[in-house]
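J.: So you can see what is in the structure, the chains are spelled out below.
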Amino acid sequence: MSTPVLLAAGNATSEHRPLIIALFGAFVVATLVITVWAGRQTRSAADFYAGGGQFTGFQNGLAISGDYMSAASFLGISGAIALYGYDGFLYSIGFLVAWLVALLLVAEPLRNSGRFTMGDVLAYRMRQRPVRTAAGTSTIVVSIFYLLAQMAGAGVLVSLLLGITSDGGKVAIVALVGVLMIVYVTIGGMKGTTWVQMVKAVLLIAGTLLITFLILLKFDFNLSQLLGAAATNSGKGDAFLEPGLKYGVSALSKLDFISLGIALVLGTAGLPHILIRFYTVPTAKAARKSVNWAIGIIGAFYLMTIVLGFGAAALLSGDTIKASNKAGNTAAPLTALEVGGGAGSTGGAILLAVISAVAFATILAVVAGLTLASSSSFAHDIYANVIKRGKATEKEEMRAARWSTVLIGIVSIALGALARDLNVAGLVALAFAVAASANLPTILYSLFWKRFTTQGALWSIYGGLISSVVLVLFSPVVSGAPTSMFKGVDFHWFPLENPGLVSIPLGFLLGWLGSLFSKEEPDAGKYAELEVKSLTGVGVAAAVKH
Amino acid sequence: MATEAPPPPRNGTEAPSAPVSPTTEQFVEVQEGEEFGELRRTYRSFAFPLTLAFIAWYLLYVLLSNYAGGFMGTKVFGNINVALVLGLGQFATTFLIAWLYSRHAANRLDPKAEVIRERMEGEA
Numbered sequence: 001m002s003t004p005v006l007l008a009a010g011n012a013t014s015e016h017r018p019l020i021i022a023l024f025g026a027f028v029v030a031t032l033v034i035t036v037w038a039g040r041q042t043r044s045a046a047d048f049y050a051g052g053g054q055f056t057g058f059q060n061g062l063a064i065s066g067d068y069m070s071a072a073s074f075l076g077i078s079g080a081i082a083l084y085g086y087d088g089f090l091y092s093i094g095f096l097v098a099w100l101v102a103l104l105l106v107a108e109p110l111r112n113s114g115r116f117t118m119g120d121v122l123a124y125r126m127r128q129r130p131v132r133t134a135a136g137t138s139t140i141v142v143s144i145f146y147l148l149a150q151m152a153g154a155g156v157l158v159s160l161l162l163g164i165t166s167d168g169g170k171v172a173i174v175a176l177v178g179v180l181m182i183v184y185v186t187i188g189g190m191k192g193t194t195w196v197q198m199v200k201a202v203l204l205i206a207g208t209l210l211i212t213f214l215i216l217l218k219f220d221f222n223l224s225q226l227l228g229a230a231a232t233n234s235g236k237g238d239a240f241l242e243p244g245l246k247y248g249v250s251a252l253s254k255l256d257f258i259s260l261g262i263a264l265v266l267g268t269a270g271l272p273h274i275l276i277r278f279y280t281v282p283t284a285k286a287a288r289k290s291v292n293w294a295i296g297i298i299g300a301f302y303l304m305t306i307v308l309g310f311g312a313a314a315l316l317s318g319d320t321i322k323a324s325n326k327a328g329n330t331a332a333p334l335t336a337l338e339v340g341g342g343a344g345s346t347g348g349a350i351l352l353a354v355i356s357a358v359a360f361a362t363i364l365a366v367v368a369g370l371t372l373a374s375s376s377s378f379a380h381d382i383y384a385n386v387i388k389r390g391k392a393t394e395k396e397e398m399r400a401a402r403w404s405t406v407l408i409g410i411v412s413i414a415l416g417a418l419a420r421d422l423n424v425a426g427l428v429a430l431a432f433a434v435a436a437s438a439n440l441p442t443i444l445y446s447l448f449w450k451r452f453t454t455q456g457a458l459w460s461i462y463g464g465l466i467s468s469v470v471l472v473l474f475s476p477v478v479s480g481a482p483t484s485m486f487k488g489v490d491f492h493w494f495p496l497e498n499p500g501l502v503s504i505p506l507g508f509l510l511g512w513l514g515s516l517f518s519k520e521e522p523d524a525g526k527y528a529e530l531e532v533k534s535l536t537g538v539g540v541a542a543a544v545k546h
Numbered sequence: 001m002a003t004e005a006p007p008p009p010r011n012g013t014e015a016p017s018a019p020v021s022p023t024t025e026q027f028v029e030v031q032e033g034e035e036f037g038e039l040r041r042t043y044r045s046f047a048f049p050l051t052l053a054f055i056a057w058y059l060l061y062v063l064l065s066n067y068a069g070g071f072m073g074t075k076v077f078g079n080i081n082v083a084l085v086l087g088l089g090q091f092a093t094t095f096l097i098a099w100l101y102s103r104h105a106a107n108r109l110d111p112k113a114e115v116i117r118e119r120m121e122g123e124a
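Protein chains in written order, with our numbering: chain X, 1 to 546; chain V, 1 to 124.
Treat the hints as calculated values from the structure; they're not laboratory data. No residue lacks a Cβ here, since even glycine has one placed at the ideal position from N, Cα and C. A portion of the hints provided could be inaccurate.
[To be verified] Partial selection, computed: residues in chain V whose CB lies under 10 Å from chain X: (1) Gln31; (2) Ser45; (3) Phe46; (4) Tyr58; (5) Thr93; (6) Asn107; (7) Leu109.
[Unchecked claim] No more than 27 Å apart at the CA atoms, straight line, and that leaves these computed lysine-lysine pairs for DSSO-like: (8) X:Lys391 with X:Lys526; (9) X:Lys326 with X:Lys526; (10) X:Lys246 with X:Lys326; (11) X:Lys218 with X:Lys236; (12) X:Lys526 with V:Lys75; (13) X:Lys254 with X:Lys326; (14) X:Lys236 with X:Lys254; (15) X:Lys322 with X:Lys218; (16) X:Lys322 with X:Lys236; (17) X:Lys450 with X:Lys326; (18) V:Lys75 with X:Lys246; (19) X:Lys236 with X:Lys246; (20) X:Lys519 with X:Lys450; (21) X:Lys322 with X:Lys519; (22) X:Lys285 with X:Lys391; (23) X:Lys450 with V:Lys112; (24) X:Lys519 with X:Lys254; (25) V:Lys112 with X:Lys285; (26) X:Lys254 with V:Lys75; (27) X:Lys236 with V:Lys75; (28) X:Lys218 with V:Lys75; (29) X:Lys285 with X:Lys487; (30) X:Lys289 with V:Lys75; (31) X:Lys326 with X:Lys236.
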């Protein structure tokens with residue numbers, strides 16, 4: 001059933017292309033209306049950066065889920081399960097457990113001690129200009145890598161679903177996504193972005209629930225039966241349900257898996273676009289509540305991807321999935337087509353269109369969050385505090401934020417157009433590894449270690465940033481393997497695809513050594529302020545109300 | 001403590017509209033006080049060991065997946081094997097720890113933090 005299904009899928013998409021385009025269009029129009037409405041209420045810098053800081057814990061939890069569940073989670077994980085069985089599921093566990101680091105150590109102290117950016121907390125006790133420059137650089141690097149992955153994914157996905165195969169068409173799609181995200185962020189600011197993310201989260205959960213229900217219906221709601229069918233249909237038998245198909249190949253791939261696992265679990269609490277979401281609620285208590293909601297929503301979602309992925313493996317053949325997209329990224333939409341009644345049926349076409357529109361919404365909401373994180377950091381950390389030395393007016397700062405959004409949007413359209421054939425998963429894992437190596441050590445040391453100094457922060461941020469990026473540059477992700485970005489050349493010397501195993505401990509070590517060898521004494525008064533504020537929230541509620 | 005504290009020096013990172021906040025001296029005094037010390041102990045003695053525990057449990061799961069294939073492949077019932085049960089166990093412990101921490105924070109941390117905050121904001 002391999003080629004006929006795929007051809008039929010192609011036919012179904014072309015027959016029902018007006019429907020898919022109408023659903024995409026409806027989402028775009030709805031989100032633009034929200035954006036304009038939010039834009040009218042965006043007057044101050046606190047509105048632009050933090051949506052006024054008055055969202056509820058539940059709203060923010062929903063928006064965090066919308067910000068976090070990227071196309072890589074939705075399409076990537078279900079595709080990876082469909083192709084590699086159990087090993088695909090390992091990703092989602094790391095992505096979920098990571099939230100406990102955010103809940104226990106980061107969310108509340110961050111809410112209490114910062115206002116708009118990650119740099120607010122990193123630079124709190126330190127000399128402002130060097131640390132804000134470092135924090136801004138690392139924010140922009142992490143966000144751009146993440147952004148590139150989403151843009152490349154958008155190009156692949158949307159062109160496949162709309163049947164656009166020409167290079168010009170793919171570039172046009174990437175440009176459309178880029179222009180939309182610029183509009184969302186410049187006009188709607190954090191408030192508009194938050195609402196777009198909430199709408200997307202609801203759509204994603206509803207769409208996934210529907211497909212999960214339909215798959216389970218086919219297997220009498222018996223998970224064991226579903227797994228058995230997936231194992232048989234995959235041709236790999238019981239091995240499909242056990243770890244090892246993807247990462248168990250060699251001693252090196254096992255080491256790579258450990259590296260990936262560490263990066264996933266420590267990366268989340270260092271992702272700037274996630275961290276700034278904690279500023280959109282008024283108190284630490286609300287920040288805690290939002291993480292709890294996010295853990296519930298994201299956990300439920302990943303549980304459903306198990307059904308989605310094994311369902312795809314049970315209902316479609318591996319060849320069908322691979323023929324459509326080598327990485328398995330279209331397994332979820334193809335499964336939607338199948339459970340809707342199969343190729344050629346109206347039900348199948350409608351479900352395919354719905355799931356495609358959900359995937360498109362997912363990408364748009366995530367890129368908007370990433371763009372906002374990087375332009376906020378540029379405007380607030382680098383422009384206002386480094387270039388203008390804290391003397392910029394609120395108006396100037398907001399103008400800088402809007403212009404940097406346009407600039408970052410244009411840069412990511414250009415890079416996304418160039419990167420449209422790159423390995424998406426590699427870029428996302430890199431973003432997590434960089435976040436865990438460059439950002440997390442400094443966040444934790446800043447909040448909890450009295451002797452941490454400016455030099456320690458700089459060594460840790462730049463050391464983690466440079467080591468992780470350099471290791472990836474000379475890894476098989478970039479050259480020397482069949483799946484590399486550059487084919488036909490080989491300049492790799494680092495054997496692992498994920499740098500986390502080396503760069504994360506290095507980031508922590510450098511922060512410690514940098515402080516130890518510092519000539520400058522840590523600022524005890526500033527640490528007292530930071531520590532007392534971070535645990536008690538002194539001055540937070542008042543700061544939000546103006 | 002003086003009730004007529006001089007206007008605190010403005011923090012360079014705050015917008016001009018930032019409200020008056022306690023002075024650095026007040027923060028140092030609170031930080032060194034017994035009450036804040038207890039809040040810090042109550043928070044750290046709960047959050048730090050729990051963090052180490054869930055990271056160790058997660059790493060154990062990663063290592064088992066890597067190096068204990070036979071054990072992970074053992075069928076528990078039907079086609080459900082140990083690997084799936086342990087994977088779902090990670091979900092369950094994540095939900096459980098989130099709930100435990102939130103309960104601890106609501107019962108033990110929030111009241112202590114509130115007392116300190118209200119007093120400091122009242123004085124400032």
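J.: Run every hint past the structure and note whether it holds.
T.: Cross-check of the supplied hints:
Taking 10 Å as the C-beta contact cut-off toward chain X, the hint placing Gln31 of chain V at the interface holds, the least distance being around 4 Å. Of the supplied interface hints, the one on Ser45 of chain V is violated, with its beta-carbon coming no nearer than about 12 Å to a beta-carbon of chain X, more than 10 Å. The interface hint given for Phe46 of chain V holds, since its Cβ lies 8 Å from the closest Cβ of chain X, which is under the 10 Å cut-off. The beta carbon of Tyr58 of chain V is positioned within 10 Å of a beta carbon in chain X (closest approach about 5 Å), and the interface hint is therefore held.
Because the closest C-beta pair between Thr93 of chain V and chain X is about 8 Å apart, less than 10 Å, the hint holds. For Asn107 of chain V, the suggested interface contact is broken, since its CB lies about 13 Å from the closest CB of chain X, more than 10 Å. Given hint, Leu109 of chain V at the interface with chain X, holds; its Cβ is 8 Å from that chain's nearest Cβ, closer than 10 Å. The suggested pairing of Lys391 of chain X with Lys526 of chain X holds, with an alpha-carbon distance near 21 Å, which does not exceed 27 Å.
In summary, the hint linking Lys326 of chain X to Lys526 of chain X is not supported, as the alpha carbons are separated by about 53 Å, beyond the 27 Å threshold. Proposed proximity of Lys246 of chain X and Lys326 of chain X is supported: the alpha carbons are some 14 Å apart, at most 27 Å. Between Lys218 of chain X and Lys236 of chain X the alpha-carbon distance is near 22 Å, which keeps this suggested pair within the 27 Å criterion. Restraint check for Lys526 of chain X and Lys75 of chain V: not satisfied, since their Cα atoms lie roughly 56 Å apart, outside the 27 Å limit.
For the hint linking Lys254 of chain X to Lys326 of chain X, the alpha-carbon distance of about 22 Å falls within 27 Å, and the restraint holds. Taking the CA atoms of Lys236 of chain X and Lys254 of chain X, the gap is near 20 Å; set against the 27 Å cutoff, the hint holds. A distance of roughly 23 Å separates the Cα atoms of Lys322 of chain X and Lys218 of chain X; the hinted pair therefore holds under the 27 Å criterion. Taking the CA atoms of Lys322 of chain X and Lys236 of chain X, the gap is near 16 Å; set against the 27 Å cutoff, the hint holds.
Distance check on the hinted pair: Lys450 of chain X and Lys326 of chain X sit about 50 Å apart at the alpha-carbon level, beyond 27 Å; violated. At most 27 Å may separate the alpha-carbon atoms for a hinted pair to count; Lys75 of chain V and Lys246 of chain X meet this at roughly 21 Å. Restraint check: the Cα-Cα separation between Lys236 of chain X and Lys246 of chain X comes to about 13 Å, which is no more than 27 Å; the hinted pair holds. The suggested pairing of Lys519 of chain X with Lys450 of chain X holds, with an alpha-carbon distance near 15 Å, which does not exceed 27 Å.
Proposed proximity of Lys322 of chain X and Lys519 of chain X is contradicted: the alpha carbons are some 57 Å apart, above 27 Å. Between the alpha carbons of Lys285 of chain X and Lys391 of chain X the distance comes to roughly 32 Å, so the proposed pair goes past 27 Å and is violated. Restraint check for Lys450 of chain X and Lys112 of chain V: the C-alpha separation of about 22 Å stays at or below 27 Å, so the hint holds. With a C-alpha separation of about 42 Å, the suggested pair Lys519 of chain X and Lys254 of chain X falls outside the 27 Å cut-off, and the hint is violated.
About 13 Å separates the Cα atoms of Lys112 of chain V and Lys285 of chain X, which keeps this hinted pair within 27 Å; it holds. Restraint check: the Cα-Cα separation between Lys254 of chain X and Lys75 of chain V comes to about 23 Å, which is no more than 27 Å; the hinted pair holds. Distance restraint check for Lys236 of chain X and Lys75 of chain V: the Cα-Cα separation of roughly 16 Å lies within the 27 Å cut-off, and the hinted pair is therefore satisfied. For the hint pairing Lys218 of chain X with Lys75 of chain V, the CA-to-CA distance comes to about 23 Å; that is within 27 Å, so the pair holds.
For the proposed pair Lys285 of chain X and Lys487 of chain X, the alpha carbon gap of about 50 Å is over 27 Å, so the pair is violated. Taken as a hint, the Lys289 of chain X and Lys75 of chain V pair is broken in the structure, with Cα atoms around 38 Å apart against an allowance of 27 Å. Straight-line distance between C-alpha atoms of Lys326 of chain X and Lys236 of chain X comes to about 18 Å, which keeps the hinted pair within the 27 Å bound.
This entry does not satisfy hints 2, 6, 9, 12, 17, 21, 22, 24, 29 and 30, going by the numbered hints stated previously.
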